[in-house]
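Please take these sequences and the hints and turn them into a complete structure.
There are 4 protein chains.
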Amino acid sequence: MIAEFSIVPLGTGESLSKSVAEVIRLVDESGLSYRTNPMGTVVEGDWDEVMGLIKKCHDEALKQAPRVTSRINIDVRPAKPAGRMEAKLDAIEAVLDRKIEK
Amino acid sequence: MIAEFSIVPLGTGESLSKSVAEVIRLVDESGLSYRTNPMGTVVEGDWDEVMGLIKKCHDEALKQAPRVTSRINIDVRPAKPAGRMEAKLDAIEAVLDRKIEK
Amino acid sequence: MIAEFSIVPLGTGESLSKSVAEVIRLVDESGLSYRTNPMGTVVEGDWDEVMGLIKKCHDEALKQAPRVTSRINIDVRPAKPAGRMEAKLDAIEAVLDRKIEK
Amino acid sequence: MIAEFSIVPLGTGESLSKSVAEVIRLVDESGLSYRTNPMGTVVEGDWDEVMGLIKKCHDEALKQAPRVTSRINIDVRPAKPAGRMEAKLDAIEAVLDRKIEK
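Protein chains in written order, with the working numbering: chain A, 6 to 107; chain B, 6 to 107; chain C, 6 to 107; chain D, 6 to 107.
Take the hints with a grain of salt, since some may be wrong.
Identical copies go unnamed one by one, so any copy, or any two together, can satisfy a pair.
DSS-like cross-link-like pairs, simulated, lysine-lysine; straight-line CA separation at most 30 Å [what the hints assert, rightly or not]:
hint	residue 1	residue 2
1	Lys68	Lys85
2	Lys23	Lys85
3	Lys104	Lys61
4	Lys23	Lys60
Hints were generated in silico from the structure; no laboratory data involved. From a predicted model like this one, the values you see are computed outputs, not experimental measurements.
This is the structure:
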């Protein structure tokens with residue numbers, strides 16, 4: 006499955022870059038395939054891998070902040086092989102017949 | 006923690022009421038405290054309870070549909086006691102000094 | 006259309022009840038049909054009404070906070086008559102053949 | 006402001022690549038700065054530019070599908086200059102002291 010997630014600590018000021026960097030450090034250590042964009046991080050793996058990782062990120066955020074909110078968006082399509090993060094973008098480029106901004 | 010979630014199967018037509026009813030059946034059986042609104046269901050429990058339930062709903066949806074998308078929004082505030090679904094609405098009513106539409 | 010939205014100011018502490026109360030005050034003044042749940046507010050209206058209202062709420066939040074994040078989830082089904090917030094919940098209850106927790 | 010959005014038509018099958026390609030065509034024509042990721046498209050502009058564009062994408066999707074759902078996530082921080090899509094990623098890389106997967 007593919008999941009995009011974003012973790013926002015509340016009560017620690019308006020800058021989130023340190024908190025996001027910590028999330029990416031954990032994502033990177035997980036060994037899962039991922040891509041970070043300006044609004045969240047997209048990871049690919051099975052449910053337990055992905056949710057285990059997001060829980061770990063959540064727990065880390067809770068060490069720094071009294072309240073943590075997150076959003077997770079999931080896309081599961083069992084008939085498709087792994088590598089869907091790239092395949093989805095490739096499919097769009099195939100329709101448009103050109104490269105897109107990623 | 007409190008989580009709102011919504012599970013949308015793709016490839017099974019535009020009506021979602023049967024699929025949503027199945028989700029609510031599973032939520033109800035879970036024993037967790039919950040409330041359904043026109044755009045999703047809000048549940049309260051610890052991470053493993055809530056995510057275990059959402060996974061079960063997801064798996065059920067995948068029996069009917071070739072692709073399933075979900076969104077989950079989480080709000081964790083460890084210092085607050087259980088019963089936050091009601092407490093959050095009460096706090097808003099206290100500020101407004103009147104009942105709100107729920 | 007139906008839209009659920011949630012506006013979260015950053016940099017003003019972890020309590021959001023005053024900010025949410027202000028949103029609900031504006032929603033209430035808009036005259037649009039709405040329902041508040043523990044994770045957001047669902048409103049019904051046409052695109053310009055709903056988005057105009059959310060923009061107003063956003064602008065209000067920006068008077069108090071240096072950074073504001075929001076999430077909006079939209080569901081549009083033109084063939085259905087107005088009153089979909091109730092109709093969606095009724096359709097689920099019809100499938101389950103019982104009342105649900107709202 | 007920065008907004009990530011994703012538009013999902015219902016009732017037209019489980020493949021979304023044509024619909025997403027059409028969205029990206031409109032985003033590209035808008036002239037706004039944007040980046041597409043496997044779960045959505047991030048654009049930068051002022052409220053009316055961004056929301057006008059999303060409405061246009063929505064209207065286009067409604068020509069093809071009987072029901073359309075969307076999610077929009079917004080991040081506004083008025084004190085920061087334009088170019089925040091890049092600046093946010095740069096800030097994370099500065100904390101981590103290395104390049105990240107984008």
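Do the hints match the structure? See the list:
1. Lys68 - Lys85: between (37 Å within a copy, 15 Å between copies)
2. Lys23 - Lys85: between (35 Å within a copy, 17 Å between copies)
3. Lys104 - Lys61: between (35 Å within a copy, 22 Å between copies)
4. Lys23 - Lys60: For Lys23 and Lys60, both the intra-copy (18 Å) and inter-copy (29 Å) Cα distances are at most 30 Å.
Figure legend: structure checked against the earlier numbered hints; every hint is met.
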